[in-house]
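Engineer: Sequence lines, in order, name chains Z and W.
Residue 376, in this note's numbering, is where the first sequence stops; the numbers in between run on with no holes.
Residue 164, in this note's numbering, is where the second sequence stops; the numbers in between run on with no holes.
Note that these hints are calculated values from the structure, not bench results.
Calculated lysine-lysine pairs in the DSS-like style (CA-CA distance at most 25 Å, straight line): (1) 109/W with 246/Z; (2) 82/W with 50/Z; (3) 313/Z with 360/Z.
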Amino acid sequence: MIPPDMSILDFLVPASEACLRSGPHDKIVLSSRVRLARNLRTVPFPSHSKKAERIKAFETLMPAVKSLSLLGDEIFAESMDKLPSLDKQVLVERHLISREHAAKNAGSGIVLNREENVCVMVNEEDHLRMQALRPGLQLRQAWMAIDAVDTALQEKVEFAFTERYGFLTACPTNLGTGIRVSAMLHLPGLVLAEQINQIIQAVNKLGLAVRGLYGEGTEALGNVFQVSNQMTLGEPENDIVERINKVLLQIIEHEENARLSQMEKKPAVLLNHIGRAYGVLGNSWSISSKEAMNLISFLRLGVDLGVFGKTPKSLTDELFLRSQPAHLQLAHPLREKLGSDERDLFRAQMLRERTALIPKPDPQALLGRREEGSPE
Amino acid sequence: MVCQFCKLKEATVHVTEIADNKVKKVDACAACAKEKNYNDPAAFAIADHLLGLGAAQKMEEASEAVGTISCDQCGYTQADFKKSGRLGCAHCYDIFSDGLDSVLKTMHKDIRHRGKVPAGIQSALKGAHRLQSLNRDLQVAIAQEDFESAARLRDEIKAFKAAE
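Could you build all of it, start to finish, from the sequences and the hints given here?
Structural biologist: Below, the structure is given as structure tokens:
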């Protein structure tokens with residue numbers, strides 16, 4: 001068991017460690033996630049319930065989730081009003097809770113396992129939003145993990161379910177399976193080749209949504225895109241998972257091809273982007289998170305293409321995570337809330353220090369390969 | 001800004017329409033807007049944003065279809081549904097089901113659940129099906145005057161009901 005007064009910041013592994021996690025296709029697929037929405041049969045949905053009803057749902061669900069042996073002994077469970085806003089923001093930046101959930105207080109809660117790959121939000125838009133996360137492309141594994149949590153929970157509580165509509169949710173867009181299958185993709189090749197809009201349109205036509213870094217309504221910063229299903233009713237969970245998996249494998253292939261063709265046809269353009277990113281990140285004294293993320297994206301591309309020797313991609317992923325506002329504040333010696341100007345200064349300092357650990361880009365990694373013949 | 005129709009009252013309804021690539025702007029007071037049939041689309045804009053294009057129109061039709069019904073368990077009304085695009089409780093799905101299917105059709109593959117079923121409900125469904133089939137067999141046995149089988153089936157049904 002963890003000490004009862006342990007803060008979430010002590011529970012979470014450091015950013016450097018979190019970025020070491022790896023999985024299949026993780027050059028392109030940063031992470032996979034499957035989330036299920038569930039509600040109690042007898043209590044109104046959180047958005048429409050009175051405080052007493054929300055507390056009732058909270059007091060039913062928190063112990064039920066906490067007692068799941070599947071989650072192990074070492075879990076972090078807390079009411080949202082006990083979490084300082086910095087802690088909540090860190091959870092958002094780690095993609096463990098939604099931005100909406102971070103705004104919740106008394107009557108809402110979070111349960112997270114030691115591996116940080118199963119996270120349950122209590123009283124978000126639905127009574128339960130439970131998600132399994134995996135590094136790289138592992139949608140099936142994520143689905144199996146959260147399916148098991150759901151099955152185990154059904155022995156403890158009764159969910160709102162009808163034969164006709166399946167699991168009932170506050171928003172009809174989640175009705176039926178309550179499933180949202182998504183993957184976070186890094187697609188600098190398709191962006192550089194100006195093929196990204198075509199891909200997004202094609203993916204949209206297949207009934208899948210493409211969003212930015214933090215989901216609905218967010219911008220695609222740092223060439224990171226989130227692909228997820230929109231339809232949840234009328235199709236079994238497995239079919240949804242398999243369909244997205246298939247689409248993702250296609251996108252991966254397109255991204256790989258785009259990178260290869262850029263290397264072959266325009267290696268100077270690629271080197272220019274990567275080299276400038278390295279130069280700016282290593283020498284700037286004030287940098288916004290937007291600019292930083294877009295540059296780190298090219299640094300990561302450089303690592304993927306072997307331009308930075310043996311630099312691991314975990315280093316660039318760490319820069320990406322540490323550039324986020326809450327992570328920056330966390331790293332600040334005073335942990336004081338930084339104004340946006342101070343944050344840009346501090347971000348630049350952090351990025352300068354860490355970029356200094358990366359060797360200078362080696363053009364031969366791109367040009368040399370080209371002279372030897374066609375790239376692999 | 002004054003109403004472009006009566007030119008007297010303050011315009012409170014602002015509609016931008018795009019038709020045939022032409023942008024048409026309307027600024028009207030509430031009374032004129034109602035008269036000229038410019039409904040307040042703002043309430044649906046949220047739903048449109050949430051549910052994708054087309055859903056809002058369906059939702060408008062749906063909410064008209066259910067009239068002024070409200071949920072007897074959570075008090076959720078048609079207007080709430082219209083405004084938020086969300087329902088209040090599990091029972092709302094029964095209450096608002098009439099208009100709901102056309103909304104669901106615009107956003108989902110089908111309007112029948114084909115995914116996971118809770119274990120408890122699954123066995124209950126199986127039980128109901130088993131009972132049905134035993135009863136059918138019993139009728140067939142009686143019709144065929146196969147009283148030996150009929151007696152066995154009768155006992156089986158009795159035992160099954162007792163076990164439920």
